[in-house]
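K.L.:
Going line by line, the protein sequences match chains A and B. Residue numbering for the first sequence follows the working numbering, starting at 64 and increasing by one per position. Residue numbering for the second sequence follows the working numbering, starting at 64 and increasing by one per position.
These are computed hints drawn from the structure, not numbers from a lab. This structure is a prediction, so every number in the text was calculated from the model and none was measured. Warning: the hint list may mix true and false statements.
[Stated by the list, open to error] Simulated restraints on C-beta separations: (1) B:D223 <-> A:Q408: 32 to 42 angstroms; (2) B:E122 <-> A:Q78: 19 to 29 angstroms; (3) B:I374 <-> A:G402: 18 to 28 angstroms; (4) B:E122 <-> A:P409: 24 to 34 angstroms; (5) B:E350 <-> A:N423: 54 to 64 angstroms; (6) A:D269 <-> B:Y161: 38 to 48 angstroms.
For glycine and all other residues, C-beta sits at the position ideal for the given N, C-alpha and C.
Letter by letter, the chains look like this.
There are 2 protein chains.
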Amino acid sequence: MLPFAINEYQERINQVKDIMQKRGIEVLLITNPANMNYLSGYDAWSFYVHQMLVIILDEDQPLWLGRYQDANGAKATTWLYDDNIIPYPDYYVQSKTYHPMGFIASILSQIGQGNRHIGVEMENYYFSAKAYEMLKTNLPNATFKDASQLVNNVRLIKSDQEIEYIKRAAEIGGHAMQKGIQGIHAGVRENDVAATIYHALISGTDTYGGDYPAIVPLLPAGKKTSAPHLTWSEDPYQAGEAVIVELAGCYKRYHAPLARTVSIGKPSQAFSDLSLVLTEGLNKALEAVKPGVTCEEIERVWRESIAKHGIKKESRLGYSMGLSYPPDWGEHTASLRPGDQTVLQPNMTFHMIPGLWFDNQGIEISESFRVTEQGCEVFSNYPRELLIQEPLPIDQSGKIS
Amino acid sequence: MLPFAINEYQERINQVKDIMQKRGIEVLLITNPANMNYLSGYDAWSFYVHQMLVIILDEDQPLWLGRYQDANGAKATTWLYDDNIIPYPDYYVQSKTYHPMGFIASILSQIGQGNRHIGVEMENYYFSAKAYEMLKTNLPNATFKDASQLVNNVRLIKSDQEIEYIKRAAEIGGHAMQKGIQGIHAGVRENDVAATIYHALISGTDTYGGDYPAIVPLLPAGKKTSAPHLTWSEDPYQAGEAVIVELAGCYKRYHAPLARTVSIGKPSQAFSDLSLVLTEGLNKALEAVKPGVTCEEIERVWRESIAKHGIKKESRLGYSMGLSYPPDWGEHTASLRPGDQTVLQPNMTFHMIPGLWFDNQGIEISESFRVTEQGCEVFSNYPRELLIQEPLPIDQSGKIS
Numbered sequence: 064m065l066p067f068a069i070n071e072y073q074e075r076i077n078q079v080k081d082i083m084q085k086r087g088i089e090v091l092l093i094t095n096p097a098n099m100n101y102l103s104g105y106d107a108w109s110f111y112v113h114q115m116l117v118i119i120l121d122e123d124q125p126l127w128l129g130r131y132q133d134a135n136g137a138k139a140t141t142w143l144y145d146d147n148i149i150p151y152p153d154y155y156v157q158s159k160t161y162h163p164m165g166f167i168a169s170i171l172s173q174i175g176q177g178n179r180h181i182g183v184e185m186e187n188y189y190f191s192a193k194a195y196e197m198l199k200t201n202l203p204n205a206t207f208k209d210a211s212q213l214v215n216n217v218r219l220i221k222s223d224q225e226i227e228y229i230k231r232a233a234e235i236g237g238h239a240m241q242k243g244i245q246g247i248h249a250g251v252r253e254n255d256v257a258a259t260i261y262h263a264l265i266s267g268t269d270t271y272g273g274d275y276p277a278i279v280p281l282l283p284a285g286k287k288t289s290a291p292h293l294t295w296s297e298d299p300y301q302a303g304e305a306v307i308v309e310l311a312g313c314y315k316r317y318h319a320p321l322a323r324t325v326s327i328g329k330p331s332q333a334f335s336d337l338s339l340v341l342t343e344g345l346n347k348a349l350e351a352v353k354p355g356v357t358c359e360e361i362e363r364v365w366r367e368s369i370a371k372h373g374i375k376k377e378s379r380l381g382y383s384m385g386l387s388y389p390p391d392w393g394e395h396t397a398s399l400r401p402g403d404q405t406v407l408q409p410n411m412t413f414h415m416i417p418g419l420w421f422d423n424q425g426i427e428i429s430e431s432f433r434v435t436e437q438g439c440e441v442f443s444n445y446p447r448e449l450l451i452q453e454p455l456p457i458d459q460s461g462k463i464s
Numbered sequence: 064m065l066p067f068a069i070n071e072y073q074e075r076i077n078q079v080k081d082i083m084q085k086r087g088i089e090v091l092l093i094t095n096p097a098n099m100n101y102l103s104g105y106d107a108w109s110f111y112v113h114q115m116l117v118i119i120l121d122e123d124q125p126l127w128l129g130r131y132q133d134a135n136g137a138k139a140t141t142w143l144y145d146d147n148i149i150p151y152p153d154y155y156v157q158s159k160t161y162h163p164m165g166f167i168a169s170i171l172s173q174i175g176q177g178n179r180h181i182g183v184e185m186e187n188y189y190f191s192a193k194a195y196e197m198l199k200t201n202l203p204n205a206t207f208k209d210a211s212q213l214v215n216n217v218r219l220i221k222s223d224q225e226i227e228y229i230k231r232a233a234e235i236g237g238h239a240m241q242k243g244i245q246g247i248h249a250g251v252r253e254n255d256v257a258a259t260i261y262h263a264l265i266s267g268t269d270t271y272g273g274d275y276p277a278i279v280p281l282l283p284a285g286k287k288t289s290a291p292h293l294t295w296s297e298d299p300y301q302a303g304e305a306v307i308v309e310l311a312g313c314y315k316r317y318h319a320p321l322a323r324t325v326s327i328g329k330p331s332q333a334f335s336d337l338s339l340v341l342t343e344g345l346n347k348a349l350e351a352v353k354p355g356v357t358c359e360e361i362e363r364v365w366r367e368s369i370a371k372h373g374i375k376k377e378s379r380l381g382y383s384m385g386l387s388y389p390p391d392w393g394e395h396t397a398s399l400r401p402g403d404q405t406v407l408q409p410n411m412t413f414h415m416i417p418g419l420w421f422d423n424q425g426i427e428i429s430e431s432f433r434v435t436e437q438g439c440e441v442f443s444n445y446p447r448e449l450l451i452q453e454p455l456p457i458d459q460s461g462k463i464s
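Okay, chain A solo, but in the shape it has when bound (with noise of 0.2 angstroms):
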């Protein structure tokens, strides 16, 4: 059942143990659901909650710790003795007057790592202030220490194993796209067409199902394209609108993201002359993807073919992705922006996402690739341009005829 070998997990341990090792750290506390995936297999959406994975140097598993009625999915995922998988009962879900970390600290100090170098994900969705506090409080004699990137830190190259996973979910990525756009018309519902995307990216292929992206699908119309983050409305498109789809193909928890943009019926010249400096900034950028490079690097050959013709862009333009759970699929590692000199090697993995956003539009063609031993490959095959949808002719009840 487990989507990679055992000894594939106890190599990623290694590793953990070899950084743990040299930032003198004893003790890791890994929160961050992505991280305990990638070195236990535990895998559900019970994140919601506080759990953990314990990384003892000294030991050679490591220890599951979560909600009581979570334990039998951590046997069932995880490649962990049972006895290594520790619940706390449920009063002290969401209590007011009892907290996980209470518990977590107490079973800390019976098992004698009371007072040692701990490692804490300090910069993590489900690492809260008020957990960190109550560690603290419950551990007076431990040293903390912030752990944050440590794990993804790990993640940035890929196993072979990891690549076909993001290849499978490209295949499934571009399905979806393309049954998404082919959705898009003037008098549909936005919302229809999330659904159309969301169903095709859940079931996948005949070969491989889907799994649920960290992010939902998102596909600002019109005005709101100015916005990249905003989500579906229940309003239909309307003829002369441009759309962003952004969204993740997911397989087994492994993303590969991608951007097209839709004009519905025939663009502007001002726009479809932008989505030709967007897509030669991004074919260049492409380009000079190889081992040896830089982030900053790549970054600033965009930089210069955009600044060619006029156009600035504010934000980092990708960063590198994988294996993740909501509420991101970003690894939160490397980006390719002025300053991250972060040097690419093969099988690292990065969603390069030229998006522009200016006041009243914008527009979004990414593509997710994969450094190899002499350049990039590409992980999807869909057109890289400025889509155009011919309009459908709709009747006055706003249905299409």
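For this one, chain A is given, so just place chain B on it according to the hints.
P.N.:
For chain B alone, coordinates are given in the frame of chain A:
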């Protein structure tokens, strides 16, 4: 475009300010996206980066602080003056060098709020341990107070308009449950049923478009029903398995959760009997709901009912729900469990979920309801029983013939 009249938002802010005053909080930093939406209307999938709404006791309007590329979304979806939308540059996002709370602290200082009593939502997915540390470091003269459930508690009692949205969500959710259950047959892949459910949830009805629920549809099958938070796999269902379907219809971010269990073919007598114990307890607990009764009294009715049959439930019976964002549709305030003395009042809304999970199987049959003047109104009218799906013939290729 706003889902509520501006004076409803202003009334909510007045209620929040009253509590702030009583608790000695002069400035409230709201990072829970549901609370941000509740007070300002803000609605976007941007909560994966730091953002907040700032309520200042002696200022009329809140401030929105967030990422530069999300500022247009804030202008489009809130009732705030454009001048109150304050963006931070993109280089603060997921950076090793800069933290958005550094920017936010400097804004608070500039507007004379740096030395005040500041409330923060300590227990919240979107206020990390690191965020709190950065705020404390950059605002050394501020006094911080935990205001975790301050706004959530105001949300407990819904307005009539909010109830109307939950009813629309329930209509959408009931429709999705029907489509999902209809599709569950031996030989069908779990992900294909999830895809059908998602399509129904988002397409909604002819009148109301669906929004994305804060939790994905949960549909464990067979032995996996022993763990409530496992999501789907790409495996086909087996004849004789039970399948739990837990989902929520969602409309304008308001949820109506619903769970049912379906047996593929005739269930065992023991499982069928168990379902009757569950529905008897559920019915009695729903009958006990009325204003003036406490949450723990409702749970006791359920507990005593199942105890007569020798059954115990480890976890809480239910929780307050309504407006939400991933990863949870619960409000994190009142729970139906021992010790919770919250007094029921009209227009409180709960998900009562008497799930029972054993080592090899589980069962869930739930209802969402509102407290009325006299008793309780259940939002769904889906048959409240263990459902039975007659198996379809399967040919040797595994396809339904």
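K.L.:
Could you say whether the range 38 to 48 angstroms given as a hint is met by the Cβ separation of A:D269 and B:Y161?
P.N.:
holds (46 angstroms)
K.L.:
Just to be sure I understand the hint, the distance between the Cβ atoms of B:I374 and A:G402 should be within 18 to 28 angstroms; is that true here?
P.N.:
Because 60 angstroms falls outside the window, the suggested range is violated.
K.L.:
How does the Cβ-Cβ distance of B:E122 and A:Q78 compare with 19 to 29 angstroms: does it lie in that range?
P.N.:
Check failed, 50 angstroms falls outside 19 to 29 angstroms.
K.L.:
Could one say that the CB atoms of B:D223 and A:Q408 fall in the range 32 to 42 angstroms?
P.N.:
violated (58 angstroms)
K.L.:
Between B:E122 and A:P409, does the C-beta distance stay in 24 to 34 angstroms?
P.N.:
At 54 angstroms between Cβs, range violated.
K.L.:
Can the suggested window of 54 to 64 angstroms be confirmed for the beta-carbon pair B:E350 and A:N423?
P.N.:
holds (56 angstroms)
Checked against the numbered hints above, the structure breaks hints 1, 2, 3, 4 and satisfies the rest.
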